[in-house]
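Engineer: Listed below are the residues making up each chain.
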Amino acid sequence: MYAQAFFVAVFGLAAIGFGVVVFRTSSMVRSALALLFSQTAVGCMFLAMQTEFLGVLQIMMMATEMSIMAIFMVMFMMDPGGLGGMDMSHQKRFSIGAGVSAAVIAIAVALLSDWGPAADQVPDAAAQTRALGMELLGRSMLIFETAGITILTAMIAATAVAIPVQNPASKNDTEASE
Amino acid sequence: MTAVLIVALLTGAILFGIGLYGALSQTNLVMIMMGVELMLAGSMVNLVAFWRFLHPEAYSGQMFVLVVMTVMALEMAVGFGVAIARFRARGSVEMEEAEDLKG
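Residue numbers (this note's numbering), protein chains in the order written: chain L, 1 to 178; chain V, 1 to 103.
Derived from the structure by calculation, the hints contain no laboratory data.
Watch out, some of these pointers could steer you wrong.
Unchecked claim - Rough simulated footprint, nothing fancy, chain L against chain V, three-plus residues with beta-carbon under 8 Å:
{"no.": "1", "stretch": "9-22"}
{"no.": "2", "stretch": "37-43"}
{"no.": "3", "stretch": "49-55"}
{"no.": "4", "stretch": "64-78"}
Unchecked claim - So the derived label-pair ranges between C-beta atoms look like this:
{"no.": "5", "chain 1": "L", "residue 1": "T150", "chain 2": "V", "residue 2": "M95", "range": "36 to 42 Å"}
{"no.": "6", "chain 1": "L", "residue 1": "W115", "chain 2": "V", "residue 2": "M95", "range": "16 to 22 Å"}
{"no.": "7", "chain 1": "V", "residue 1": "M95", "chain 2": "L", "residue 2": "S67", "range": "44 to 50 Å"}
Claimed, not checked - Examples of chain V residues toward chain L, derived with CB under 8 Å:
{"no.": "8", "residue": "Q26"}
{"no.": "9", "residue": "T27"}
{"no.": "10", "residue": "V30"}
{"no.": "11", "residue": "I32"}
{"no.": "12", "residue": "M34"}
{"no.": "13", "residue": "S60"}
{"no.": "14", "residue": "G81"}
{"no.": "15", "residue": "V82"}
{"no.": "16", "residue": "A83"}
{"no.": "17", "residue": "I84"}
{"no.": "18", "residue": "A85"}
{"no.": "19", "residue": "F87"}
{"no.": "20", "residue": "R88"}
{"no.": "21", "residue": "A98"}
Fair warning: this is a prediction, and the values are worked out from it, not measured in the lab.
Here a beta-carbon is modelled for each residue, glycine too, at the ideal position from N, C-alpha and C.
Work out the full structure, taking the sequences as your base and the hints as a guide.
Structural biologist: This is the structure we're talking about:
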């Protein structure tokens, strides 16, 4: 029990620390890597809380996602290396106020609520994965299927948005000149 | 055991706060997406903690985490699609330059 508390706290601190680094560093690659480490620490928290399937899934997904994000950061940012010392933030005071307020309210709810007795034991990893599979293909099947359709729609929408728009008028001019 | 739950909830709350700060303060679309990712990570920590310590018999809690992971992936896919379109149109993904949505 103490080991679990220790590891949840350590990985939690790592997730918070790297989360702060995301917005503190000037280099965009470092920023993406810090987010990767933060999300990996969150996955390790899942593992420490005996949620093995979700922990491994989180680490695998975030490793891929953040690698892609790092590439996009280098492609799109005006100063990806952070060498120019550009300040790419605005309304700082309002943002800090909103972030601190949200965190304080959530912390107050966490500390002041009566959560009742906590469960001592959970099923092992194999039993959990089996039960989650039964849940996905049983009671929650509609949600699962909806998520699948939503992913497909988002993939098509993202591709459609990213394809360059061809101007029909200029295309006709090109054909006429040929 | 409740102490572990509280530690996890505090972590989730602080991650959410950092993410909200990032989403509101950054001017670049990709950095805003990073803030949203942190907020979603905070919510996932809470969901896993609730499942593990309060209702380990209800697997809809884990199902909810899978839905949040799906939302994270969708946000990335659509966000990058919009970023590419914006970069082609204006040569920048700075959101301060996107005040008017006039194409």
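Engineer: Using Cβ atoms only, decide whether V/A98 comes closer than 8 Å to chain L, and label the hint accordingly.
Structural biologist: The hint is violated - V/A98 has no Cβ within 8 Å of chain L, the shortest such distance being about 13 Å.
Engineer: With a cut-off of 8 Å on the beta carbons, see whether V/V30 makes it to chain L.
Structural biologist: 5 Å, holds
Engineer: A closest beta-carbon separation below 8 Å is what the hint needs, so does V/A85 meet it against chain L?
Structural biologist: 5 Å, holds
Engineer: Would you settle whether the hint for V/V82 is holds or violated, based on the nearest Cβ-Cβ distance to chain L being less than 8 Å?
Structural biologist: 6 Å, holds
Engineer: Report holds or violated for the interface hint on V/T27, using the least CB-CB distance to chain L and a cut-off of 8 Å.
Structural biologist: 5 Å, holds
Engineer: Just to be careful: measuring from the Cβ of V/I32 to every Cβ in chain L, is the smallest value less than 8 Å?
Structural biologist: 11 Å, violated
Engineer: Hey, does the V/S60 contact hint survive, CB to chain L under 8 Å?
Structural biologist: 6 Å, holds
Engineer: So is the stretch 37-43 of chain V in contact with chain L by the C-beta rule, three or more residues under 8 Å, or is the coverage claim wrong?
Structural biologist: As far as the stretch 37-43 of chain V goes, the hint holds, because 3 residues have Cβ atoms under 8 Å from chain L.
Engineer: Does the CB of V/R88 sit less than 8 Å away from some CB of chain L?
Structural biologist: 6 Å, holds
Engineer: Holds or violated: the 36 to 42 Å window for the beta-carbon distance between L/T150 and V/M95?
Structural biologist: 25 Å, violated
Engineer: Quick check: does the Cβ-Cβ distance between L/W115 and V/M95 fall within 16 to 22 Å?
Structural biologist: 39 Å, violated
Engineer: Would you check whether V/M34 satisfies its interface hint, that is, whether its CB is within less than 8 Å of any CB in chain L?
Structural biologist: 5 Å, holds
In this structure, the hints that do not hold are numbers 5, 6, 7, 11, 21, in rising order.
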